[in-house]
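Participant: Starting from the known structure of chain A, fit chain B with the ligand onto it as the hints suggest.
If you read the sequences in order, they're chains A and B. Residues in the first sequence are numbered consecutively from 1, following my numbering. Residues in the second sequence are numbered consecutively from 1, following my numbering.
Hints listed in this document are in silico derivations from the structure and should not be mistaken for laboratory results. The beta carbon of each residue, even a glycine, is placed where N, CA and C say it ideally should be. Accuracy of the hints is not assured; some may be wrong.
Pairwise CB distance ranges, derived in the manner of DEER restraints [stated by the list, open to error]:
no.	chain 1	residue 1	chain 2	residue 2	range
1	A	T112	B	P267	23 to 33 Å
2	A	D30	B	Q266	26 to 36 Å
3	B	D13	A	P355	22 to 32 Å
4	B	R135	A	G272	20 to 30 Å
5	A	R83	B	L40	33 to 43 Å
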Amino acid sequence: MDLSLSPDERAFQTEVSDWLRHNLDPALADKVRRGQRLTKADMEGWHRTLNGRGWLAPHWPKEYGGTGWSPIQRHIFEEECCRAYAPRVVPFGLSMLAPVLIKYGSEAQKKTWLPRILDGSDWWCQGYSEPGAGSDLASLKMRAVREGDHYILNGQKTWTTLGQYANMIFCLVRTSNEGKPQQGISFLMVDMTTPGVEVRPILLLEGTHEVNDVFFTDVRVPVENLVGEENKGWTYAKYLLTYERTNIAGIGFSMVALEELKQIAADQHRAGRPLAQDPLFAARMARAEIALNNARIANLHILWNAAQGAGNDSGNGASVGVESSMLKIKGTEIRQQIDALKRQALGAYAAPFQPEAFEPGYNGPTLGPDYAAPVARQYFNNRKISIFGGSNEIQKNIISKMMLGL
Amino acid sequence: MLADTLTRFVAQDYPLDARLAAGAGVPGYAPEKWRALADLGVHGALFDPRDGGYGGAGFDLMVVFEAVGRGLIVEPLLASAVLAGGALAQAADPKTKSGQKEHLAGLVSGEKQATLAHFEANDGWDPTHIETTARKTDGGWVLNGKKSVVRAAESADFLICSARSSGVPGDKDGLSLFLLEMDGPKDGVTLQSSQTIDGGRVSDITLGDVTLPETALIGRAGQAWAPLQSVLGRGVMCLSAEAVGLMDVIRDMTLEYLRTRKQFGQPIGRFQALQHRMATLVLEIEQARAAVINAAAALSGDTTDGIATARALSAAKYTVAEVGTLVAEEAVQMHGGMGMTWEYPLGHYVKRLIMIGHEMGDGDYHLSRYIRLGEAT
Ligand SMILES: Cc1cc2nc3c(=O)[nH]c(=O)nc-3n(C[C@H](O)[C@H](O)[C@H](O)COP(=O)(O)OP(=O)(O)OC[C@H]3O[C@@H](n4cnc5c(N)ncnc54)[C@H](O)[C@@H]3O)c2cc1C
Chain A
1 MDLSLSPDER AFQTEVSDWL RHNLDPALAD KVRRGQRLTK ADMEGWHRTL
51 NGRGWLAPHW PKEYGGTGWS PIQRHIFEEE CCRAYAPRVV PFGLSMLAPV
101 LIKYGSEAQK KTWLPRILDG SDWWCQGYSE PGAGSDLASL KMRAVREGDH
151 YILNGQKTWT TLGQYANMIF CLVRTSNEGK PQQGISFLMV DMTTPGVEVR
201 PILLLEGTHE VNDVFFTDVR VPVENLVGEE NKGWTYAKYL LTYERTNIAG
251 IGFSMVALEE LKQIAADQHR AGRPLAQDPL FAARMARAEI ALNNARIANL
301 HILWNAAQGA GNDSGNGASV GVESSMLKIK GTEIRQQIDA LKRQALGAYA
351 APFQPEAFEP GYNGPTLGPD YAAPVARQYF NNRKISIFGG SNEIQKNIIS
401 KMMLGL
Chain B
1 MLADTLTRFV AQDYPLDARL AAGAGVPGYA PEKWRALADL GVHGALFDPR
51 DGGYGGAGFD LMVVFEAVGR GLIVEPLLAS AVLAGGALAQ AADPKTKSGQ
101 KEHLAGLVSG EKQATLAHFE ANDGWDPTHI ETTARKTDGG WVLNGKKSVV
151 RAAESADFLI CSARSSGVPG DKDGLSLFLL EMDGPKDGVT LQSSQTIDGG
201 RVSDITLGDV TLPETALIGR AGQAWAPLQS VLGRGVMCLS AEAVGLMDVI
251 RDMTLEYLRT RKQFGQPIGR FQALQHRMAT LVLEIEQARA AVINAAAALS
301 GDTTDGIATA RALSAAKYTV AEVGTLVAEE AVQMHGGMGM TWEYPLGHYV
351 KRLIMIGHEM GDGDYHLSRY IRLGEAT
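With the rest of the complex left out, here is chain A:
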């Protein structure tokens, strides 16, 4: 694997960063940088801008609207977007459902849903987890009973991220109680405006509304919204999760966070000298940097190998199977480590908490340096990344079983 960028790749990097400079609204980037809450319109706007350029779905096969980029190019693109403080593209339709439809959906489903994902007509959310089915996802209970041309849904999904904005939800549902629990699961696409769907907010520990409970009472779903075969949903669900995990690793976000950390440590003074020169803190930062660099290369290596692998299914080698578990564990640990260091670096100024400062348009004063406001909140909020997408413990179980044969 050659790690240095080729002239073509460097040119590509310049093209991306130029384009971002001209097309990413500075006010929007500023919101991202300051950790302010993005409105639905903010997220939809960025989605549209990327789609307008044809860069929304780099991981899709070209025929459906992908870019045909190499893994290295995709990696460059992601890093440049992070560096420019572009909003994170909402992944549920684009990076979770779409790969499943492309691999397992009917022609009619691809024709109907993929263009709507691209143009932003639908906002998807993910209905996997239930109160009793988290790590043990296969124990899910939400029932779907076939009645003529419809399934009738009853049950509850939970932790549904950004469900408050969504009009569509893909759900794992139980269509059979025969055999192993994995064997009776189906994958359904549900219109959330159907009568009987109710969304209720769950607040996270730092007070943000990101996730929801979604209740289903006699919700009628047309059978053509079944993806693949009835009772085969577990296969599709697992395939989707490898995408989700790779996405969570978020190396690009950690790179930006590390730069922010360095700036904070240069700016914060401890009894007359910059914190960056404190030997204990400098050692902590160096460890994080080394770990991040290692993970970045390991990440590239895995993507590169996947791309070389014959018969990679989406044509772009996006699916990396069990290795996605490794990427997820390392990526999330490093991100959390950097978030903790940013918090530590602020000293007493980590404590002030002004919810109004995270609201769009807030330009009032905040207590402490202007970079301080979102830091503690981000630290607490990002404890989630080692929990969702399959907790890091579950990832280790997967590695032990699938990779190590233990």
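Facilitator: Below, chain B with the ligand alone, put in the same frame as chain A:
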């Protein structure tokens, strides 16, 4: 005994919802709970009999603040009784400052609330690195400078404020303490205030040519380091004990969750991957408790060996920072999504435990201080 009373008070009269609402509002705590705590005698337990209290030793602080942690009590006992009250008690000259004696009595009884305005943005937790200045004038003093992230300042009846009357930042000599009445707007004193992520309110206090009468000086000019050092040490003691109280609650909640939450047809506590981690938490919490007991003993014993006491205090604060972070992060992780929610109480204890590392020195500061003090012996 007092600890049991406090625990019962929290269980019966101070539900978590009320605490969260008070912590997020103004003045950042519940004044009626403040009075109730005073009636229970909590304030008095933090003062030496010499100063009108009935406690005040290291173990008294430990017992009360473990209970403060367990109860997630947001009322500013540390800021008012231990820090401001301690500074008044230790620095004031009892013969000459009759007015200051009344102030002290108000803090012991809980009728008044004060706070210590000492730390500054660039001090890096070094309590001698004070840049705020106090200039002597004919009739008194003029203060200039800025104090950072002072807890419970908006609601304070008065501030105990440190300033440098001579020397340069880093000098022990030349620090002085002043009493600023806050009974109304005060010329030159500006507060910028905010709630905190763990509950309660803080302020940055800007002092611009604040004129004070001669009587505002507490004790002797330039001689405040000895009382300050003692008071800040007691503050470190309280925070460390509070951390242990929080950890006890977090441990119990997590253990209960491991026993009751079922996945894969069994309690998640049956998975060895989690058993070992829970075991680690339990044994580390006992190490943290030991560090706090050691610090309390050092404070309670004969205080001739100041360096040994200071090292024991830094060892405790360092230990609770390390163990506290581990306990907080592991507890959330082992709860899965549930630990991330506002509604489930765990997160509120976790936030407070983490934020204790942002008061009066983080783990790295106290580790360095421990090393430095060791070299000095
Ligand atoms: C902020 C946030 C957003 C989310 N968004 C979504 C979403 O949009 N859609 C969706 O469907 N879900 C979402 N989730 C749910 C997420 O996927 C689950 O929280 C996760 O799968 C863990 O399940 P749980 O919370 O029920 O924890 P549990 O499964 O109860 O786990 C509790 C603890 O036990 C451990 N554990 C469980 N089993 C084992 C084992 N066999 N061995 C060792 N340790 C084990 C876990 O690792 C964890 O530490 C989200 C969660 C959060 C916190």
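Participant: If a hint holds in the structure, say so; if it doesn't, say that too.
Facilitator: We went through each hint and held it up to the structure:
no., hint, in the structure
1, A:T112 / B:P267: 23 to 33 Å, "44 Å, violated"
2, A:D30 / B:Q266: 26 to 36 Å, "49 Å, violated"
3, B:D13 / A:P355: 22 to 32 Å, "28 Å, holds"
4, B:R135 / A:G272: 20 to 30 Å, "22 Å, holds"
5, A:R83 / B:L40: 33 to 43 Å, "56 Å, violated"
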